[in-house]
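Full structure from sequences and hints, please.
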Amino acid sequence: MFLEVNDLTVDFHTEDGVVHAVDGLSFEVDRGSTLGIVGESGSGKSVTNLAILGLHNPDTAKLSGSIKLDGHELLGAPQRELEKLRGNKMAMIFQDPLTSLSPFHTVGQQIAEVYRKHKGVSKSVARERAIEMLDRVGIPQPKIRVDEYPHQFSGGMRQRAMIAMALVCDPGLLIADEPTTALDVTVQAQILDLLRDLQEQTGTAIIMITHDLGVVANTAHDVLVMYAGRAVERGTMREVLREPRHPYTWGLLGSMPSLNHPVDVPLEPVRGTPPSLINVPPGCPFHPRCDYAKLLGPGVCTGERPELSPHRGHGDACYLPLKQKAELRSQHGKQPGKEAS
Amino acid sequence: MLRFLTRRVLGALVILLIISAVTFFLFYAIPADPARLACGKVCPPETLEQARHNLGIDQPLMVQFVSWLAGIFVGRDYGGLGHCPAPCLGFSFVNRAPVFETIIDRMPVTIALTIGAAVIFLIFGVATGIVAALRQGKPLDKIASVSSLIGASVQIYFVGTLAMYFFVYQIQVFRQPKYIPITEDPLGWFNGLLLPWLVLALIFTANYTRITRSTMVENLNEDYVRTARAKGMSGRSVVLRFALRGALTPVITIFGVDLGTLIGGAIITETTFGLQGIGRLAVRAVDYSDLPTLMATVLLAAGAIVVMNVIVDSLYAVIDPRVRLS
Chain W
136 MFLEVNDLTV
146 DFHTEDGVVH
156 AVDGLSFEVD
166 RGSTLGIVGE
176 SGSGKSVTNL
186 AILGLHNPDT
196 AKLSGSIKLD
206 GHELLGAPQR
216 ELEKLRGNKM
226 AMIFQDPLTS
236 LSPFHTVGQQ
246 IAEVYRKHKG
256 VSKSVARERA
266 IEMLDRVGIP
276 QPKIRVDEYP
286 HQFSGGMRQR
296 AMIAMALVCD
306 PGLLIADEPT
316 TALDVTVQAQ
326 ILDLLRDLQE
336 QTGTAIIMIT
346 HDLGVVANTA
356 HDVLVMYAGR
366 AVERGTMREV
376 LREPRHPYTW
386 GLLGSMPSLN
396 HPVDVPLEPV
406 RGTPPSLINV
416 PPGCPFHPRC
426 DYAKLLGPGV
436 CTGERPELSP
446 HRGHGDACYL
456 PLKQKAELRS
466 QHGKQPGKEA
476 S
Chain B
777 MLRFLTRRVL
787 GALVILLIIS
797 AVTFFLFYAI
807 PADPARLACG
817 KVCPPETLEQ
827 ARHNLGIDQP
837 LMVQFVSWLA
847 GIFVGRDYGG
857 LGHCPAPCLG
867 FSFVNRAPVF
877 ETIIDRMPVT
887 IALTIGAAVI
897 FLIFGVATGI
907 VAALRQGKPL
917 DKIASVSSLI
927 GASVQIYFVG
937 TLAMYFFVYQ
947 IQVFRQPKYI
957 PITEDPLGWF
967 NGLLLPWLVL
977 ALIFTANYTR
987 ITRSTMVENL
997 NEDYVRTARA
1007 KGMSGRSVVL
1017 RFALRGALTP
1027 VITIFGVDLG
1037 TLIGGAIITE
1047 TTFGLQGIGR
1057 LAVRAVDYSD
1067 LPTLMATVLL
1077 AAGAIVVMNV
1087 IVDSLYAVID
1097 PRVRLS
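Quick note, the sequences are listed as chains W and B, same order. The working numbering applies: residue 136 is where the first sequence begins, and numbers increase by one. The working numbering applies: residue 777 is where the second sequence begins, and numbers increase by one.
Calculated from the structure, these hints are not laboratory results. Watch out, some of these pointers could steer you wrong.
[Unchecked claim] Taking lysine-lysine and the DSS-like style, the derived pairs with C-alpha atoms no more than 30 Å apart in a straight line are:
(1) K219/W x K914/B
(2) K278/W x K254/W
(3) K224/W x K203/W
(4) K197/W x K219/W
(5) K197/W x K954/B
(6) K254/W x K203/W
(7) K817/B x K197/W
(8) K258/W x K278/W
(9) K224/W x K278/W
Here it is as structure tokens:
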């Protein structure tokens, strides 16, 4: 596996207490495949990925576990070593390309400096490479646009430039943190197509962070559903979207509009709010919002924390027996989150 | 860019004209008669009238103002004192010296004082601001905050006097402040200005530390700074090329105003250290109702601020390409 994350924990020490942003998270991504990480805001998606890049402030964030990139342990590696990997072996594209690109440097400078830094080439070689990358991500007239500033680009063009910058050194891992959230819907599809095409050409492993299940369905091979800093369900895209097992995944799918959704039935959001990460509920962190917790005996969901099971393949972290979940799903049709009460 | 500059310079000239007019007419609202001062204690009416005429203040105000203004561009003839070539700022009511020459004579003192101190407080203030921002909440940051609070609270006549007492008279590590032209004796020039520089810088550094720290803290949290780190830029490059670039705009704004103000006359500093610069000249002009000198110092002070503002506005465009287009 190209990236292996094992039992990753990220705690932030704040004045109000310790925030358990990520708690015992494990997953892996292979070259050429895309892992979609799904969850509400504050579920630990971005924290996880900043941890992979080593971008957390060591004064406030305490990390434990293991993150291996191509066999090398990243956790606890010195900053200098991580600097050599960032932008080179692993890269990230962010949500808002306007604020994520420096307003003070031309698009070309921003792409070229990554290449110069990691490949040690001359300015002119790096500039040629920047033009080549702009061309590859579909920016017209790259020789002219290379000298323009981000504010002279449209939103979609900026995100393309961002992708060019991330991929300039052919990184083995690309982390895309909600890359389409800030874009128009038509542009969103173009950007996703572009990422898929580039992945086919380069074989990059992609982690796609999103709260949009449509994006997951479009791009991901595997899916990890996160809740309160933990993985609650893991499987292939088809498994998770077609046969979701965890009640939280049911809720997510049930709250998503679809074209064949009956007009007169209102969409059902997941009720309640995500828990405080300072006082995470004991046991299954989802139990206060779960309609099915009472089907199990008292103390089951509040007792010990459920682990992902089975250990490999399609698994979820829930005490409800698989058979019972299958029954619930068939009783309530395709979206069991809906009618349950 | 050229159009922008032309517009700014024209605007600046209008501002200077307005300031000159206001100062000129305000001067006559002061219940003091320069002729009576020139005439002495026992002053018969005829002598007073003669003095009025000699000073040129017997004419209508509008006429006086216009001839003063014209003098700057084309020079001016004075009855008893001869021709005053352009740029003519008139002759002092007090010592009859051409004001323009007096200003040129005093300028080096104020400029040397200002530039020397400015170099110290800009470099030192921005550097401590950056360090404080990077060490947010750590002891170094707290030391910087407390010392900038102290620096911002103390007054130059207090610190300056104390510094003179200790460093000049008691332990004698500094020379008595004094202006020696750099062309005469560079080392003497440096030694004579060192203490005023340091004291002035001490007061101003605080402000720069505070501004740099707060804008750096803000900028270090910007998305594009995170991007720079995500693409493997080294810590130093992230701080200097990305975060500091954005933090420079407010620093330069304040620096322009401060520099302009100081060139216009560091009145208290010059008085504290007994330096004969523009500030002292201005104070004396007020004391003696010396209209031509007063007008010149006011014009200079306003001009310094206006020029610094134009420079600062142009620097914005250099720092931030987004300003260039709009």
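Which constraints among the numbered hints does this structure fail? Numbers only, ascending.
5, 7
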